[in-house]
Each structure stands twice: as C-alpha cells, then as structure tokens.
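Trainee: Here are the chains, one letter per residue:
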Amino acid sequence: MVSNLLNTFRRLAGGMLVMLLTAGYAYGQDVQVTDARVSLLPGEQPGAGYFQLYNAGDEAVVLVGAESDAFESVELHVSSNQDGMAHMQAVEQVEIAPGERFAFAPKGHHLMLIGREKALKVGDEVDVQLEFADDQRLSVTFDVVSPVSL
Amino acid sequence: MYKGLLVTLASLWLAGCVDTNWRTAETHEIMPPLDFSLVDEDGQAVEAEDYAGKVTLVYFGYTFCPDVCPITLARLAGTLNRLDDDVRDAIQVLFITVDPARDTPEVVKRYTGAFGDEFTGITGERAEIDALTNRMRVTYEYETPNKRGDYIVNHTSAVFAFDREGEARFLIRDSHPITDAVADINQLVTES
Ligand SMILES: [Cu+2]
Numbered sequence: 001m002v003s004n005l006l007n008t009f010r011r012l013a014g015g016m017l018v019m020l021l022t023a024g025y026a027y028g029q030d031v032q033v034t035d036a037r038v039s040l041l042p043g044e045q046p047g048a049g050y051f052q053l054y055n056a057g058d059e060a061v062v063l064v065g066a067e068s069d070a071f072e073s074v075e076l077h078v079s080s081n082q083d084g085m086a087h088m089q090a091v092e093q094v095e096i097a098p099g100e101r102f103a104f105a106p107k108g109h110h111l112m113l114i115g116r117e118k119a120l121k122v123g124d125e126v127d128v129q130l131e132f133a134d135d136q137r138l139s140v141t142f143d144v145v146s147p148v149s150l
Numbered sequence: 001m002y003k004g005l006l007v008t009l010a011s012l013w014l015a016g017c018v019d020t021n022w023r024t025a026e027t028h029e030i031m032p033p034l035d036f037s038l039v040d041e042d043g044q045a046v047e048a049e050d051y052a053g054k055v056t057l058v059y060f061g062y063t064f065c066p067d068v069c070p071i072t073l074a075r076l077a078g079t080l081n082r083l084d085d086d087v088r089d090a091i092q093v094l095f096i097t098v099d100p101a102r103d104t105p106e107v108v109k110r111y112t113g114a115f116g117d118e119f120t121g122i123t124g125e126r127a128e129i130d131a132l133t134n135r136m137r138v139t140y141e142y143e144t145p146n147k148r149g150d151y152i153v154n155h156t157s158a159v160f161a162f163d164r165e166g167e168a169r170f171l172i173r174d175s176h177p178i179t180d181a182v183a184d185i186n187q188l189v190t191e192s
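Residue numbers (full-length UniProt numbering), protein chains in the order written: chain P, 1 to 150; chain R, 1 to 192.
It is possible that part of the hints are untrue.
Listed next, the in silico SDA-like pairs over lysine to any residue satisfying Cα-Cα at most 25 Å (straight line) [unchecked claim]:
#, chain 1, residue 1, chain 2, residue 2
1, P, Lys107, R, Gly116
2, P, Lys121, R, Ala77
3, P, Lys121, R, Glu118
4, R, Lys147, R, Glu118
5, P, Lys107, P, Ile96
6, P, Lys121, P, Ile96
7, R, Lys147, P, Val91
8, P, Lys118, P, Ser149
9, R, Lys109, R, Val138
10, R, Lys109, P, Val145
11, P, Lys107, R, Glu141
Since the hints were made in silico from the structure, they are not lab data.
For reference, chain R alone in the conformation it holds in the complex (with noise of 0.2 Å):
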C-alpha cells in the first residue's frame, strides 16, 4: 500500500516535468497555438491575440445541429459550474461554427447565450474558418442539401483547451469523464 504510493507521488512529480500529465489528452505538441482573424457574436472583427490572458476553450460546432453541439456544451457549462468561481472568471469558451452560411453573428450569440456567460459564438469567412481548421487539423464535412435545403455537417467533437497565452495543452473527449475535465481545466488556470 505505502509502496504504491510511493509510485504514485513519484510518477505525479515526474510527469510534472513534461507536459503530459493531463487526466485528458495532451495537444502542445500535436497542435499549433491559437490563431485565427474571424468576426464575434457582435459582427467585430476579432483575432486570437484578443482571447490571450484567459484560458480558451474552443469547440467546432454549427446550430443547425440540434442534439450533439448543445449537449456538448451543456455538459461543458455544467464541468464549468463544479469550478471555483475565481477560476471560472478565468476561462471563456469560443463556440466557432463551421457553418457560417447560416451561422451569422446573432444567430451565435443568441445561441451561446443559452449557455451561459463564458460562452461566446465565432463566425467568420469560410475561408478563415478553413484556415484555422486546417491547421488545427481539425475536420468537418457538409452533407448534401435536402429538399428544404437543410444540410448536416459532421464535425469534429472534441473541446481543445489554449492557455492563457494561446498554446495548445489538450483536448476533452465525450468520453473522458466530467471529473476529469475539471481536474485539467482547473490545472491550467491555476498554473498561471
């Protein structure tokens, strides 16, 4: 029993050194830091930089979609609501649709604000968005129209989580437990 916990305290100091300790799945060095020129829920022209200084939470999604992206985002408002509030003061959660045909700017705000207020709705240029996705390596595919002219997109469902000066650290998967996200999330606001 001691020895086991021995390793553990010994394997936790030196997982401290890299930046691999994640309860969730590490991104630093898959993944670019933050970067992209879009417009917010408020029709502003806004680039990465003006995030810095919060930790970003950053999900790809579209409204259309009725059942995955909300339910994302519920669950990750409720991992934010088990967060102290001085930490919660600390994060904002980037909501960038990959649908910005039908995704203007109040059509985000309006749905991000069903979510609470460190959510804030992203669109942009298709072309910007593309920019960014492609160098997050992040995909989604549009799937054609219907006879009203409804289309799916598929898209990645992952939460990728920036520091406070936009480095990729990791990413939260549907399957990783509440728990763990809010360890992780916590970790990295209080590290700064």
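Same shape as in the complex, but just chain P (with noise of 0.2 Å):
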C-alpha cells in the first residue's frame, strides 16, 4: 500500500519534472527554463516573472529581453537592497556561461511585466517569449501565481 503510494508519486513527481523540462523546450534544448512562475496582484499593477534558466550547451548564451502577448512590455529587471533603501532597475542583459544556472527569483533578477492586455488571475498560464542575443527566442508558459504562494 504504501509502496504503491510511494510508487503513484515518483510517478507524479517524474511527470512534473518532464512538464517542467519541456516548459522551454526549444532553442536546440540547450537551454531549459523550469519553474516559470508570474506573480500577480488582483488589478492592474505590473507583476513579476521568475524561473530558472540552464544553459545545457556549450556556448554563453546571453538573454536580452522578453515579450509576450498578456502584457504591452516586459523588461529584464533587478532588484536590490542598498542601506536599507529597495532598488529596482532594468538590465541589459544577463549572460549565463555554459553549464551554468540562473535563478529570477523574488527580491533579485525578475521579468516586469507591465499592462495587462487582459485580465488574468491565479491559476492561468501566460507565455512569454525569451529574446536570446543569437535572435533565438524561446517561448515559455508561466503559471499566474500569487505572491502570497512564493
């Protein structure tokens, strides 16, 4: 019984995991974003896009941007604590070497996403398109989420 239960979750979990891969599958699969999350408030104000970036080849590859059709812009954005004071600004570019992870996570590199083209809430997907330095894109699927979950 609880070999089976054991069992239904690697199974479960295994799933998840290829979901997760094939997230941003693409772009010679060299690189593999998983754990693609928007964090949204209800309303208008912008959200913010996090997930984690490998680079499975063997060149740097350099993203440079994103787009997508939910929201007018979205642009490459870092948050920082300086003295106590909370920063924000855009970047250019972040380049990941080869083998190399990259985490947008909450308080650091994330996407804003700004003006919602339509409504969204908790529980919808949103794809984003990843602008690569090469004119590689990849498109991603992120999972609305609140920021009460993260």
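Two chains, two frames, some hints: make the complex.
Mentor: Right, here's the structure in full:
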C-alpha cells in the first residue's frame, strides 16, 4: 500500500519534472527554463516573472529581453537592497555561461510585466517569449501565482 | 553548560529592564511615536491616533512595485500566520504608499486585500506623506519616468513596529529571520 503510494508519487513527480523541463523546449534544447511563474495581484499593477534558466550547451547564452501578448511590455529588471533602501532597475542583458544556472527569483532578477492586455487570475497560464542575443527565441509558459504563495 | 545557561538567563533578566531585548532592531530611542494625517483605503481622513489600541506594523511602498513590495508583504502575511489567533487579532498592518499619484484609496484597498484582513492601505497628500517620512527619517526617491510615463520609486524596505500607544519599538529588516520577527511581534502584543 505504502509502496504503491510511493510509486504513484514518483510517477507524478517524474511527470511533473518532464513537464517543467519541456516548458522551455526549443532553442536547440541548450537552454532549459523551469519553475516559471508570474506573480500577480488583482488589479492593473505590474507582475513579476520568476524562473530558473539552465544553459546546457557549450556556449554562453545572453538573455536580452522578453515579450508577451498578455502584456504591453516586458522588461528585465533587478531588485537590490542598498543601505536599507529597496532599489529596482532595468538590466540590458543577462549572460549565462555554459553549464551554469541563473535564477530569476524574488527580490533579485525578475521580468517586470507591465500593462495587462487581458484579465488574468491565479491558476491561469501566460506565454512569454524569451529573447536571446543571437536572435533565438524561447517560448515559455508561466503559471500565474499569488505573491502570497511564494 | 550550566554556566552558559545561567549567563543566558542573567542577560535575559537584565535586558528585560530596557527596550533593547528585541531580536530585530530596536527603534524606541531613535524614532518618534507614530503621527500622521492621511487618507485610508475607503477615502476617509485618518490620523495615527485612530490606530491606537492595536500593535501597528508599518510598511512604506508603492503598488507599481511588482517584486520587493508584494514579496515583503507576503512574507509579513506568512509571519502573522505563525501567530495565535488572539495575538493576530491585536495587530494591524498599514501599507503607506509613497506614490499617492498612482495609489488612490481604491488601488491600495485592492492591493492590500490580497494579503489578509490585517492589511490596510493608506494614501494621502504628498506633503503629509513627506511629513511622516521625514519625521521617521524614512527615505524614498522617484526615478525619471520612461516613455510610457511609468516610474520606479526607490524606498526604505523595513517594516516598523509600533506598540498599542503608537510608540516606536523595533523594525524588521529583510535580513531578520521570520522566527525573530514572530518572537518580537508576539512579545510586543503580549507585553500590554
Ligand atoms: Cu521590476
């Protein structure tokens, strides 16, 4: 009984892992994006996009931007804390060396998604195109979540 | 081992005499009592005295901020969730905007509603907000708007705790573990 449950859990977990990995399938399979979430609140306020990026290739990849049909504009941003002050600024690009991981995570790098083109709620999915320096694009499906769940 | 315990107990007992035994950062000596004339999320004129009787946690932010502000408020909501119900009933969180041009009462009400019943949005005249931030020596600054007219506001990231009489007691920084915030809020609520 217990081992049955465990097996079921393993299958589910395995399935979820495959889903997560294939969320960012394309781009020569060299760039893998997992755990993609858009943190949104009710209303018109901008959202924040978080994800893990893994460069499985043998050349550096450079993320230079993003866009989404669901938002008027998407920017690469970084939050920082300087002497107790919360700062936020746009970043031009993020370079990920071969074999490296890079986290877009709360209070650090994030996508800033501004101007909702349609109503979105927790549980919805949003497609975002990540744009790389060599004109490559990667379509990633983000889950809409509440910041309270992060 | 026993010696270490005795020293710990002795220092706890000594610390009990002054307002410096917080695990977070003490503010009583450096910050005046809570004092403001602003507008609440229902559009009503409010003063700091209206919030007396409960422990008040104050955070300065703006709703256009997608990352630091919601994450900080979410973390604070998570902190409150670790308290007993009767303790939580004695706490209110004021989200005071430093961006009243965009943050109308309606906007801050919808925004704070996502974090829990304890959270209330506060806005008001820019001059009144400045009077409050100057008194508390809290800083914020607007960045140049982009083509869309959007602008970023850099702002103090701490959460300030006031007791039931509105006296400043401690502040919680990002770097303080949640367990420390939980312990200090618990103590502040139960001391009175
Ligand atoms: Cu941002």
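Trainee: So, for every hint listed, does it hold in this structure?
Mentor: Each hint, compared with the structure:
no.: 1; hint: P:Lys107 / R:Gly116; verdict: 21 Å, holds
no.: 2; hint: P:Lys121 / R:Ala77; verdict: 20 Å, holds
no.: 3; hint: P:Lys121 / R:Glu118; verdict: 23 Å, holds
no.: 4; hint: R:Lys147 / R:Glu118; verdict: 37 Å, violated
no.: 5; hint: P:Lys107 / P:Ile96; verdict: 19 Å, holds
no.: 6; hint: P:Lys121 / P:Ile96; verdict: 32 Å, violated
no.: 7; hint: R:Lys147 / P:Val91; verdict: 17 Å, holds
no.: 8; hint: P:Lys118 / P:Ser149; verdict: 22 Å, holds
no.: 9; hint: R:Lys109 / R:Val138; verdict: 23 Å, holds
no.: 10; hint: R:Lys109 / P:Val145; verdict: 20 Å, holds
no.: 11; hint: P:Lys107 / R:Glu141; verdict: 19 Å, holds
Violation of the numbered hints given earlier is confined to hints 4, 6; the remaining hints are satisfied by the structure.
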